[in-house]
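Number of protein chains: 2
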Amino acid sequence: METPHPSPNAHNAGEAPRLSVTAPQGFRAAATAAGIKPSGKSDMALVVNDGPKDAAAAVFTRNRVKASPVKLSQAALADGALRAVLYNSGNANACNGAQGDADARESQALAAAALGVEPSEVAVCSTGLIGELLDMGKVRVGVEKLLPLLGDDEAQGEAAADAILTTDLVRKEAGYRGEGWTVGAMGKGVGMMAPSLATMLVCITTDAAATPQALDAALRKATKVTFDTVDIDGSTSTNDTVIVMANGASGVTPSQDELDRAIHAVCDSLARQMQADAEGVTKRVNITVTGTASDDDALNAARTLGRDSLFKCAMFGSDPNWGRTLAAVGMADAAMDPENIAVYFNGQPVCERSTGTPGARDVDLSGVDIDVRVDLGTGGPGTATVHTTDLSHDYVEINSAYSS
Amino acid sequence: METPHPSPNAHNAGEAPRLSVTAPQGFRAAATAAGIKPSGKSDMALVVNDGPKDAAAAVFTRNRVKASPVKLSQAALADGALRAVLYNSGNANACNGAQGDADARESQALAAAALGVEPSEVAVCSTGLIGELLDMGKVRVGVEKLLPLLGDDEAQGEAAADAILTTDLVRKEAGYRGEGWTVGAMGKGVGMMAPSLATMLVCITTDAAATPQALDAALRKATKVTFDTVDIDGSTSTNDTVIVMANGASGVTPSQDELDRAIHAVCDSLARQMQADAEGVTKRVNITVTGTASDDDALNAARTLGRDSLFKCAMFGSDPNWGRTLAAVGMADAAMDPENIAVYFNGQPVCERSTGTPGARDVDLSGVDIDVRVDLGTGGPGTATVHTTDLSHDYVEINSAYSS
Chain B
0 METPHPSPNA HNAGEAPRLS VTAPQGFRAA ATAAGIKPSG KSDMALVVND GPKDAAAAVF
60 TRNRVKASPV KLSQAALADG ALRAVLYNSG NANACNGAQG DADARESQAL AAAALGVEPS
120 EVAVCSTGLI GELLDMGKVR VGVEKLLPLL GDDEAQGEAA ADAILTTDLV RKEAGYRGEG
180 WTVGAMGKGV GMMAPSLATM LVCITTDAAA TPQALDAALR KATKVTFDTV DIDGSTSTND
240 TVIVMANGAS GVTPSQDELD RAIHAVCDSL ARQMQADAEG VTKRVNITVT GTASDDDALN
300 AARTLGRDSL FKCAMFGSDP NWGRTLAAVG MADAAMDPEN IAVYFNGQPV CERSTGTPGA
360 RDVDLSGVDI DVRVDLGTGG PGTATVHTTD LSHDYVEINS AYSS
Chain R
0 METPHPSPNA HNAGEAPRLS VTAPQGFRAA ATAAGIKPSG KSDMALVVND GPKDAAAAVF
60 TRNRVKASPV KLSQAALADG ALRAVLYNSG NANACNGAQG DADARESQAL AAAALGVEPS
120 EVAVCSTGLI GELLDMGKVR VGVEKLLPLL GDDEAQGEAA ADAILTTDLV RKEAGYRGEG
180 WTVGAMGKGV GMMAPSLATM LVCITTDAAA TPQALDAALR KATKVTFDTV DIDGSTSTND
240 TVIVMANGAS GVTPSQDELD RAIHAVCDSL ARQMQADAEG VTKRVNITVT GTASDDDALN
300 AARTLGRDSL FKCAMFGSDP NWGRTLAAVG MADAAMDPEN IAVYFNGQPV CERSTGTPGA
360 RDVDLSGVDI DVRVDLGTGG PGTATVHTTD LSHDYVEINS AYSS
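Protein sequence lines, in the order shown, are assigned to chains B and R. Residue 0 is where the first sequence starts when you use numbering that gives the first Met the number 0, and the numbers rise one by one after that. Residue 0 is where the second sequence starts when you use numbering that gives the first Met the number 0, and the numbers rise one by one after that.
Derived from the structure by calculation, the hints contain no laboratory data. Predicted model, so just to flag it, every value in this text is computed and none were measured. A couple of the hints might just be wrong.
What follows is a set of in silico ranges between Cβ atoms, one per label pair, in the way DEER data are often shown [as the list claims (entries may be wrong)]:
(1) GLY358/R to LYS70/B: 34 to 40 Å
(2) LEU132/R to ASP256/B: 50 to 56 Å
(3) PRO37/R to ASP332/B: 35 to 41 Å
(4) ASP332/R to PRO357/B: 18 to 24 Å
(5) HIS392/B to ASP368/R: 23 to 29 Å
(6) ARG104/R to ASP332/B: 30 to 36 Å
(7) PRO380/R to ASP361/B: 53 to 59 Å
(8) ARG176/R to GLY358/B: 34 to 40 Å
(9) GLU178/R to ASP332/B: 45 to 51 Å
(10) ALA400/R to ALA400/B: 22 to 28 Å
Computed far set for chain B versus chain R, every beta-carbon distance over 10 Å [stated by the list, open to error]:
(11) PRO37
(12) ASP53
(13) GLY99
(14) LEU128
(15) PRO147
(16) ALA154
(17) ASP232
(18) SER234
(19) SER236
(20) ASP267
(21) ALA313
(22) ALA327
(23) MET330
(24) PRO337
(25) GLY355
(26) GLY379
Just so you have them, the derived chain R footprint on chain B, three or more residues with Cβ under 8 Å [as the list claims (entries may be wrong)]:
(27) 318–325
(28) 346–354
Beta carbons: idealized from backbone N, C-alpha and C, even for Gly.
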């Protein structure tokens with residue numbers, strides 16, 4: 000069967016090149032198998048910024064139930080400075096109460112001591128099962144093993160990108176080359192994925208010089224139209240964290256526009272890789288809504304459609320079921336003209352003035368990519384795009400057996 | 000495998016008895032196979048109120064995209080009077096534009112002419128595929144066939160209840176016996192089911208005397224806590240319609256309290272039958288949220304959890320995954336104390352103060368009924384219950400192949 004999973008080495012035209020987090024000057028990384036994952040695969044990673052600058056910014060999950068490492072990293076990022084990020088997969092350290100908070104703090108302190116920096120200069124990110132205590136014996140040994148493995152080779156950046164994966168099938172990296180400066184990035188995320196002004200685990204590094212404020216502006220602008228528009232299953236994680244670190248090692252200070260473009264490029268690339276690798280995915284479904292008074296209305300409608308189980312099952316069945324499309328958007332919190340809705344599948348009109356076109360049921364949706372456009376008929380300029388997937392047997396299989 | 004599908008003749012203690020729409024005095028029904036369903040099963044039904052009174056009330060879908068029969072029946076019900084309801088299954092007559100509206104009007108006029116009443120005294124309800132024109136040749140013959148079949152036997156009421164089914168596996172009827180008066184009811188609905196102050200197709204008949212205002216009050220009170228709390232897949236249909244007709248043939252005028260209790264009893268019974276027969280269901284999951292400032296907050300949180308695909312997959316896998324429960328409610332539009340959430344599965348505490356209890360993962364969820372209680376920890380008096388199901392392979396199978 001044809002699948003949308005990208006080859007780890009695929010590089011589409013116009014897409015950000017795959018560059019590891021060690022591609023920019025002055026960043027080192029390492030990964031190890033600390034035994035947190037029962038599979039024995041690598042499950043801890045460390046990304047270190049060797050300076051000279053330590054500017055950083057981040058966005059976090061908006062879920063009210065936040066994992067211990069999220070709360071700790073929010074505090075660490077408050078001053079816009081960071082020297083390192085410690086990652087573990089296999090355990091989210093979420094909903095573990097005071098012990099979870101203490102374990103996150105100890106992880107942070109261990110990494111800081113090993114690197115000779117202050118704990119507040121280290122962020123901690125965890126991903127995996129919710130509600131199991133971290134085995135701190137394994138974390139202590141893991142941090143010890145990571146230190147001598149730190150290096151600035153591409154292989155070490157790739158190893159770090161591998162170590163943060165959970166049910167992901169492929170490594171996710173992206174990059175951007177400016178004039179005299181570079182951005183590298185890694186990410187993970189394939190389920191419990193409906194970032195809400197935040198996202199999954201992502202680490203972006205750059206040797207450009209930039210203030211924390213410039214980084215923050217670029218990051219928020221980029222995540223709004225990239226990670227925030229990926230909606231695999233409507234579920235927002237307790238651990239979403241995107242961090243960007245800039246050390247100025249290149250000596251280049253890009254303009255805000257250049258910085259925005261670079262950060263957008265790597266976020267967009269990682270978001271598309273996450274969509275393509277989503278749990279159980281057999282189709283990539285990109286939904287664009289137009290014809291609304293505001294972009295917010297369009298986004299609400301696109302999200303409502305992208306979360307509709309019946310629509311997603313139809314996509315799995317390659318079924319051009321525009322009736323379910325109308326039924327779904329009809330419940331969106333968006334002004335619309337119910338008698339003047341148009342739907343296009345892969346560019347072909349299947350519904351005009353809220354009524355099916357001749358031949359609508361014959362549109363071929365057998366390919367891996369399905370493009371859905373819905374015009375809500377108010378004549379307004381609003382538009383938004385959401386990236387989702389189908390709802391398949393494999394999604395049910397993966398998620399009915401995950402924790403047991 | 001044990002399944003939650005009720006036997007058509009099951010009658011649980013405390014549940015409304017199964018009485019067909021012809022159980023009350025002065026109501027006749029009929030059903031026929033008009034050929035609208037490719038299977039050849041019965042697909043048209045007529046329920047007639049022979050008076051003396053013609054009081055009626057109804058609630059309809061809040062979806063902005065409304066089927067032609069919904070718009071027509073809303074107009075017919077405006078004066079609180081109704082003599083008959085014409086049903087068809089196999090075709091929703093939704094999203095068919097002006098032709099759909101004309102076809103609904105012709106169906107209404109055909110039934111009215113056959114019965115010798117005004118078109119405005121007849122409601123029309125359709126259910127089935129969206130976006131295909133009704134075959135009016137078949138509808139015309141169907142109405143002709145229905146007329147001589149009308150009768151007040153239980154068998155005719157049951158035949159009508161069978162004729163409105165689509166992917167439902169079992170007939171759904173309910174009833175209530177007052178002192179000297181009776182309520183009968185039939186319903187259908189197993190997918191595209193998240194009624195929003197409205198519901199699926201339901202017909203309630205009674206020989207009690209009641210004003211349209213009394214019926215309307217009883218119906219709205221009942222649907223709010225019955226059909227509106229069923230949420231199978233978060234999708235709200237274009238065709239939801241619940242109609243109640245009262246003819247006063249018994250000569251009894253129950254108090255508003257008695258009427259409320261009777262209407263609630265039949266709505267509650269039908270809602271539970273719909274949940275038990277939901278598409279692909281292997282588990283009935285009843286979610287109660289407490290500890291919120293308001294009932295609305297509790298309902299928002301219960302709905303958010305009941306619509307979360309990851310939580311529903313865990314239920315399919317009999318997996319006591321309280322972590323996903325917390326992650327889901329953390330995104331609800333409800334005030335909560337994120338550090339003080341408690342979760343109970345089948346009465347057993349699995350999470351207290353937002354942290355797992357010892358043995359939480361060993362709770363047995365292998366049965367058909369799963370009771371989930373979540374306390375959001377604010378100490379407030381708010382509470383609400385939502386009735387949902389698991390997300391199973393069969394749900395995906397049924398809904399990826401439905402229209403093709």
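Now for the hints, and whether the structure bears them out:
A hinted range of 34 to 40 Å for the beta carbons of GLY358/R and LYS70/B is inconsistent with their spacing of about 27 Å. For the pair LEU132/R and ASP256/B, the supplied restraint of 50 to 56 Å holds, since their beta-carbon distance comes to about 53 Å. One distance hint, 35 to 41 Å for the beta-carbon pair PRO37/R and ASP332/B, holds here, with the actual separation near 37 Å. Roughly 42 Å separates the CB atoms of ASP332/R and PRO357/B, a value that falls outside the hinted 18 to 24 Å.
Under the hint 23 to 29 Å, the C-beta atoms of HIS392/B and ASP368/R, about 25 Å apart, fit the expected range. The hint said 30 to 36 Å for the Cβ distance between ARG104/R and ASP332/B, and at roughly 32 Å that hint holds. Checking the proposed 53 to 59 Å range against PRO380/R and ASP361/B shows it holds: the Cβ atoms sit about 56 Å from each other. Checked against the hint of 34 to 40 Å, the C-beta distance between ARG176/R and GLY358/B comes to roughly 54 Å, which is inconsistent with it.
With their beta carbons about 46 Å apart, GLU178/R and ASP332/B fall inside the hinted range of 45 to 51 Å. Under the hint 22 to 28 Å, the C-beta atoms of ALA400/R and ALA400/B, about 24 Å apart, fit the expected range. Distance check on PRO37/B: its Cβ is at least 15 Å (rounded) from any Cβ of chain R, clearing the 10 Å threshold; non-interface status holds. At roughly 30 Å, the least C-beta separation between ASP53/B and chain R is larger than 10 Å, which holds for a residue marked as non-interface.
A cut-off of 10 Å between C-beta atoms contradicts the statement that GLY99/B is not in contact with chain R; the least separation is 8 Å. At roughly 7 Å, the least C-beta separation between LEU128/B and chain R is not larger than 10 Å, which violates its mark as non-interface. Listed as a non-interface residue, PRO147/B keeps its Cβ farther than 10 Å from every Cβ of chain R; the least gap is roughly 34 Å. Against chain R, the non-interface label of ALA154/B holds: every CB pair exceeds 10 Å, the least being about 34 Å.
Chain R draws ASP232/B into its interface by the beta-carbon criterion, the shortest separation being 5 Å against a cut-off of 10 Å. At roughly 5 Å, the least C-beta separation between SER234/B and chain R is not larger than 10 Å, which violates its mark as non-interface. Listed as a non-interface residue, SER236/B fails to keep its Cβ farther than 10 Å from every Cβ of chain R; the least gap is roughly 7 Å. At roughly 24 Å from the closest C-beta of chain R, the C-beta of ASP267/B stays outside 10 Å, upholding its exclusion from the interface.
At the 10 Å boundary, the C-beta of ALA313/B falls inside the reach of chain R, the nearest C-beta of that chain being 7 Å off. The claim that ALA327/B is not at the interface with chain R is violated, since a C-beta of that chain comes within 10 Å of its own (minimum 7 Å). Not every beta carbon of chain R lies more than 10 Å from that of MET330/B, the smallest distance being close to 5 Å; the non-interface claim is violated. Listed as outside the interface, PRO337/B is inconsistent with that label: its C-beta sits roughly 5 Å from the nearest C-beta of chain R, within the 10 Å cut-off.
Distance check on GLY355/B: its Cβ comes as close as 4 Å (rounded) to a Cβ of chain R, failing to clear the 10 Å threshold; non-interface status is violated. Every CB of chain R lies more than 10 Å from the CB of GLY379/B, the least distance being 16 Å, so the non-interface label holds. Interface restraint, the segment 318–325 of chain B with chain R: holds (6 residues with C-beta to C-beta distance below 8 Å; minimum three). Under a criterion of three residues with beta carbons nearer than 8 Å to beta carbons of chain R, the stated coverage of the segment 346–354 of chain B is upheld, 4 such residues being counted.
Checked against the numbered hints above, the structure breaks hints 1, 4, 8, 13, 14, 17, 18, 19, 21, 22, 23, 24, 25 and satisfies the rest.
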